[in-house]
Amino acid sequence: MLRLPIFGTKSPTSLEELVAAMAQPGAHLVAGGTDLLPNLKHGLYEPKVLVSIDRVEELQHITWDEDASMLRIGTGVTLSQIAADNEIGARFPSLAKAAGLVASPLIRNMATIGGNINLDTRCRYVNQSEFWRSAIGGCLKSGGDVCHVVPKGRSCVAAMSSDCVPVLTSLGAQLGQVGPNGRRDLAMADYYSSDGIAHTRREAGEITAEVCIPIPTRDTAAQYAKWTVRKSIDFPLVSIAMNFELSGSGHDATIVAATICLGVLAARPKLLRADKLKGLRFSDAETAEVVGELCYAQGKTLDNVPYEAGYRRSMLRVFGKRAVGQLVKSR
Amino acid sequence: MPDALLLHMKVNGEDVEVAAPPHFTLLEVLRYKLDLIGSKQGCDKGDCGACTVQLDGTARLSCLTLAAQADGRKVRTVEGMTAAHLHPLQDCMDKQVAAQCGFCTPGILMAAEAYLTKQARAVSRDEVAEAMAGNLCRCTGYVKIVDAIVEASEIMAAKEQG
Ligand SMILES: Cc1cc2nc3c(=O)[nH]c(=O)nc-3n(C[C@H](O)[C@H](O)[C@H](O)COP(=O)(O)OP(=O)(O)OC[C@H]3O[C@@H](n4cnc5c(N)ncnc54)[C@H](O)[C@@H]3O)c2cc1C
Ligand code: SF4
Ligand code: FES
Ligand code: FES
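Protein chains in written order, with this note's numbering: chain C, 1 to 331; chain X, 332 to 493.
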C-alpha cells in the first residue's frame with residue numbers, strides 16, 4: 001500500500017477558474033494523474049493543493065483548423081482518444097502510433113496529452129520508494145547532493161521519457177501556454193531544458209492548454225520507433241521520431257527535409273543534425289543506414305533508465321534503420 | 332488539514348454519499364469508506380490493473396484516480412456483477428478455470444466488460460491480448476483468461492443478434 005501525502009483538491013470547470021486556482025501557493029496541476037500520483041506516492045513532492053483539469057471542457061477538443069493549417073488538440077484529450085482517432089491516424093500516423101504505445105490501455109484511458117508533454121523526467125535512482133532512495137542517500141533530484149548517473153556532475157540528467165514528445169517535436173508542434181498573463185505560443189523544440197529537475201520552460205502558474213501541429217503542405221512520411229523490454233506498460237528505452245518531407249513520387253522520391261528527434265537520452269529531447277539526408281533517395285537502402293548511423297552517432301545514452309547505456313545506444317542504430325525500412329515499405 | 336470532500340457517486344447503480352479526505356484515491360474510498368473490497372490494492376502505482384473499475388463506462392485504474400475525480404460520476408466495480416444471472420464473462424471465466432488465486436480477477440472482469448461492451452462483437456485472441464495488456468496475472472499464464480474473454484464475446488455478440 002502506498003499512501004499519498006496530505007493535500008486539498010480543486011476541480012474548476014473553466015480555464016479561467018483553473019488559472020486562478022493555479023495561482024494559489026503550493027498548487028500543482030493534475031490531469032490523468034498517471035505520472036503525478038505514483039511520484040507523490042513515492043514521496044517526491046508535497047503539493048498543498050491539486051488542481052484537476054478533468055472538468056474543464058475548453059481543454060477537450062480535437063479541431064482541424066484548415067484555415068490556419070493546424071491540428072489543435074486540447075491538453076485534456078486522452079491518449080486513448082488520440083490513438084483511436086481515425087483522422088489523426090490517417091494524417092499524423094506517427095502521433096497516433098506513439099499515443100497508442102504509451103503504457104497500457106487502462107492508463108491511456110486516463111493519461112492526457114498535456115500530461116505526456118509535461119511528464120516528469122525519469123531515472124532509475126529517483127522513481128523508487130522513499131525507503132529505497134534513503135538507502136543511497138537520495139540524489140540531486142531527491143534531497144541528496146550527488147548524482148548517481150554522473151557522479152561528478154552537478155546537474156540532474158534524468159530522462160525525458162514521453163513517447164509523444166519526440167513525435168510532436170518532429171512534427172514541428174507549437175504549445176499554447178496559458179497563465180496569469182494570458183497566452184503565449186512557443187515551439188515544442190524550445191520548451192525543454194537540459195535540467196532534469198526543472199526540465200520545462202513552464203512559467204509560474206502556467207498550464208499547457210493546447211498543442212498545435214502544422215498540417216503539412218508537401219508529401220511527408222513520419223514514423224515513431226519505440227523499444228521496451230515488454231510490449232506494454234513499460235516506458236521507452238529507445239525512442240525515435242522521424243519526419244521526412246519528400247519530393248517526387250513512388251520509389252524516386254527524394255528527401256527535401258528531415259527532422260529526427262530522440263527521447264530518453266537526458267532531460268531534453270534531442271533534435272539531430274540531419275542535413276546529410278537532404279537529396280537522398282528515400283527508398284534507397286543506404287538512406288536507412290544513414291539514419292541509423294545518425295541516431296547512433298548523436299544519441300548519447302546514459303545509465304539513467306534501465307538497461308545498459310551502451311546497449312541502448314546500439315539499439316538506436318538498429319531501430320532507426322528499421323523504422324525507415326518500414327516507412328518505405330508502407331508507402 | 333484540508334476539509335473532507337463530500338462525494339456523490341452512483342456506485343453499482345446505487346446513489347452513494349460519502350465523506351473522504353481529499354488525498355484519498357477512488358480505490359481507498361471504495362475499500363475503506365464503502366467496504367467494497369472487491370477492487371484490489373496490488374501495486375498501488377499503475378503497474379498491475381488489480382484495481383480496475385469503470386468510471387462512466389470507461390475502464391480505469393482506481394489507485395491512480397483521485398476521489399474528487401469520481402465525484403458526480405458512475406462507478407462500477409466487480410460487486411456490480413452479481414445480478415440474478417451470471418454475466419457471460421463470469422460464466423466463461425468459471426468454465427475455463429481462468430482464476431487461480433483470483434487477485435487479478437476483479438480487475439480483469441472490469442477491464443474485459445468495458446472492452447467487450449464497447450466492441451459489441453466477437454473478438455479475436457490477439458485483440459484480447461492487446462486490450463488486456465494492463466492487467467497482470469501471476470498465476471494463470473493468461474491462456475485461459477484470453478479463452479474466457481473470447482468465448483464471452485461470442486456469447487454476448489450472439490445475444491445481441493438473436
Ligand atoms: C505503469 C506506467 C507506465 C507508463 N508508461 C509510459 C510510457 O510507456 N510512455 C509514456 O510516455 N508515459 C508512460 N507513463 C506515464 C504517464 O502515464 C503518461 O506520460 C501520461 O501521458 C501522463 O499524463 P497524465 O494526464 O496522467 O499526467 P499527470 O500525471 O496528471 O501529470 C503529469 C505532470 O504533468 C503536469 N501536467 C499535466 N497536464 C498539464 C498541462 N495541461 N499543463 C501543464 N502541466 C501539466 C502535471 O502537473 C504533472 O506534473 C506510464 C505511467 C505508468 C504508471
Ligand atoms: S540523473 Fe542523477 S540527480 Fe537526476 S534523478 Fe538520476 S541520480 Fe538523481
Ligand atoms: S493497484 Fe492499481 S494498477 Fe496496481
Ligand atoms: S489468478 Fe492469481 S493473479 Fe491472476
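For the record, the hints were derived by calculation from the structure and aren't laboratory data. Do not rely on the hints blindly, as some may be mistaken.
Unchecked claim - Straight line, CA to CA, 16 Å or less: simulated EDC-like cross-link-like pairs of lysine to aspartate or glutamate: (1) 321(C) x 286(C); (2) 48(C) x 458(X); (3) 278(C) x 234(C); (4) 10(C) x 334(X); (5) 231(C) x 461(X); (6) 231(C) x 457(X); (7) 449(X) x 491(X); (8) 341(X) x 402(X); (9) 405(X) x 482(X); (10) 426(X) x 461(X); (11) 231(C) x 334(X); (12) 475(X) x 402(X); (13) 475(X) x 458(X); (14) 278(C) x 219(C); (15) 376(X) x 234(C); (16) 276(C) x 303(C); (17) 231(C) x 219(C); (18) 329(C) x 293(C); (19) 97(C) x 461(X); (20) 364(X) x 402(X); (21) 278(C) x 289(C); (22) 449(X) x 378(X); (23) 449(X) x 461(X); (24) 10(C) x 402(X); (25) 376(X) x 130(C); (26) 231(C) x 458(X); (27) 341(X) x 378(X).
Okay, which hints does this one fail, numbers in order? Of the numbered hints given earlier, those the structure breaks are 2, 3, 9, 10, 11, 12, 16, 17, 18, 22, 27, listed in rising order.
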